[in-house]
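Residues per chain, in single letters:
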Amino acid sequence: MLFNPSNRRKPLLQVENLHKSYWSKAKNSFKKARVRAIRDVSFTIFAGETYGLVGESGCGKSTLGKTLLRLTEQDSGSILYEGNDLAKLSSKQLRHYRKELQMVFQDPYSSLNPRIVVGEALEEPLHVHRIGTPQERTERAMDMLAAVGLKREHYYSLPHQLSGGQRQRIGLARALIVHPKLVVCDEPVSALDVIIQAQIIQLLKRLQHDMNLTYLFISHDISVVRHISDRIGVMYLGRLVEEGDTESLFQQPTHPYTKLLLSAVPVPDPFAVKKEWQQEGELPSPLEKIAGCSFHTRCPYATERCRLEEPEPKRVNEEHWAACHYA
Amino acid sequence: MTKPILEIKELKTSFKAYNGLLPAVDGVSLTVNEGEIVGVVGESGCGKSVTAQSILRLFDERKEVKYEGEISYGGVNLLSLKAKQMSSIRGNDISMIFQDPLTSLNPVYPIGEQIVEAMLAHQRISKKQAMQRAIELLQLTGIPSPQERYHQYPHQLSGGMRQRVMIAIALACRPKLLIADEPTTALDVTIQAQIMSLLARLNKQLNMSILLITHDLGIVAETCHKVVVMYLGQVVETASVQELFQSPRHPYTQALLQAMPRIDSERGKPLTVIEGSLPTLNQLPQGCRFVSRCSYATEKCHSASPILKPVEGVQALVRCWNADLIKIESRSQGQQARSGGEDHVIQSVQS
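If you read the protein sequences in the order shown, they are chains A and B.
In terms of the numbering used here, the first sequence is numbered consecutively and its last residue is 327.
In terms of the numbering used here, the second sequence is numbered consecutively and its last residue is 351.
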């Protein structure tokens, strides 16, 4: 169920000052340029909640998800999972934690091996973690199929025989079969049609309740994130620019970027009052170095101070902050 | 406003498959009036893109498809035209923009030349005049410093800019109808808002009709005047945008509206879910095509297939035997007045 603010005080994952950059070819030159995909990101995910991460493509939200599970290595910063810094563990030590931190990917077509049957794909994580005997594994795979709303027959199906929604259920089953605590869902419903999307969202919620899961839910679809998340972080060009509980963030968006993002979402109601804040301009290239506030190039309220000084997070209320000088 | 410029009657587009003809579009009728934006919505595979592409006859008729029915544009049935006559219509009277602007643009020509190309192909115009107009078009579609952009290549532009270039090409010959096939699906939400407001502005400014193919009901609500809902190759409901959102009559339209997480709804309410997935075209159910997923289905729905017909009390056309009986659950502003209980039986999975 929706988590209750009174008992949320158990942090499951604490991220502090995380940095990650890639090397990429610079524009109009043979030199390499550094893309700072994640810049000084700090946040906490509490046990049992759903933390939503929104932002436009290229803002670093997927990189953040992968870095947390150490699917890519971070540059600096710490990732405290139940008090242990994942960033400092050796790959052998990390294996134990891999079981508790799982990931669901966006594209259910490319995240499954086309040549192995669904059942085997489901048992693979159990194999890796040396859980159970072969019979027990098969049993667990069957149980998991039932839990995600598929039939026992699907054990012998190959991915191409399944629809997009069914494949996404398999992706989910494979992540959950090792009984993780934290699941990073990277755009799990973006490739699906609205009716199938609703099925998967309800399934995610039910499983969260039944298996006591914590989600990091990454998506560009603001309506979906709003529906599923308890707290939301908004990312822009590698930074977290605003964070708050869902209610407060939507009632009172504070960072100009959040306001822009929310006003851009089409409202499915022809009688709704049209919002007038139209904004020209696009996301700057991540290769560009932007001094001061990274949003100042698009921000209608930008002043001299924004061009020079990087804003610090400012509290809006207890659960809600925004990194803007004029918040 | 009410003069029709495009009338599609009982269009049937079948693809030649190894086991016979597969009708991807099966008896679609719709009308686009002058100056109107008509939205076509539906899930993937419902035939909305095929309908759009059939209008311009983009499929190879010798190998791929068979068209039946009538597509009347300015009193002429497009399906009866010869290939040469057809190409004088494409890009000239009716033009089209696609979902992915990167694959639609030629990577080895500067964008300006691609706009000029369309004009030189259709109009008696000097190259110099065409260049001048191309720059005007770039300006019209909101591209900053069009003089310099004219000489740039597609890879030098962002996704939003590329879509603006596509729109500029489409507008080059001042078409009366623009077909936009998911024009913003590949774009971020802030850029999507820019492109949609550009299309709405062009619609007013140039009095150009737009047939907008999309899966996003939010976009439909914000830009369209009329909506056509498609399911498995058929039109299941046609209505004005206000009517469709206020009193959807077809069970499928209702399901679509209820399955969508909304930015303006009450939070924490579970989405209403209909189970099952889309049947494939070669395993269509008997009778009504929605019968396997419909909660109102009766005996009749299983045996006979309904036709698109007017419903009591509304302007809409609905393809459903029970349209008169289905209770309209009115939707007050920004709120979902529906709940899991009441008399509609669509299964709701509680979280």
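Simulated from the structure, these hints should not be mistaken for laboratory data.
Owing to the predicted nature of the structure, the values given are computational and were not obtained by experimental measurement.
Think of the CB as a built atom: it goes at the ideal place given N, C-alpha and C, for glycine as much as any other residue.
Among these hints, one or two may not hold up.
[Stated by the list, open to error] Taking lysine-lysine and the DSBU-like style, the derived pairs with C-alpha atoms no more than 30 angstroms apart in a straight line are:
#, chain 1, residue 1, chain 2, residue 2
1, A, LYS181, B, LYS63
2, B, LYS66, B, LYS128
3, B, LYS84, B, LYS12
4, B, LYS16, B, LYS3
5, A, LYS25, A, LYS10
6, B, LYS3, B, LYS63
7, B, LYS12, B, LYS66
8, A, LYS289, A, LYS259
9, B, LYS82, A, LYS151
10, A, LYS99, A, LYS25
11, A, LYS259, B, LYS269
12, A, LYS10, B, LYS3
13, A, LYS66, A, LYS181
14, B, LYS12, A, LYS259
15, A, LYS99, A, LYS10
[As the list claims (entries may be wrong)] Computed footprint of chain A on chain B, listed as stretches where at least three residues anywhere in the stretch have a Cβ under 8 angstroms from a Cβ of chain A:
#, segment
16, 183-190
17, 213-227
18, 301-309
[What the hints assert, rightly or not] Beta-carbon label-pair distances, calculated as ranges:
#, chain 1, residue 1, chain 2, residue 2, range
19, B, GLU136, A, LEU158, 30 to 36 angstroms
20, A, HIS160, B, LYS16, 18 to 24 angstroms
21, A, ASP107, B, LYS16, 29 to 35 angstroms
22, A, ASP107, B, SER197, 50 to 56 angstroms
23, B, ASN106, A, TYR301, 48 to 54 angstroms
24, B, ASP324, A, PRO300, 48 to 54 angstroms
25, A, ASP75, B, TYR109, 49 to 55 angstroms
26, B, GLY20, A, GLU136, 43 to 49 angstroms
Checklist entry - What hint numbers does the structure not satisfy? => result Hints 1, 2, 4, 5, 6, 9, 10, 12, 14, 18, 19, 22, 23, 25 not satisfied by this model.
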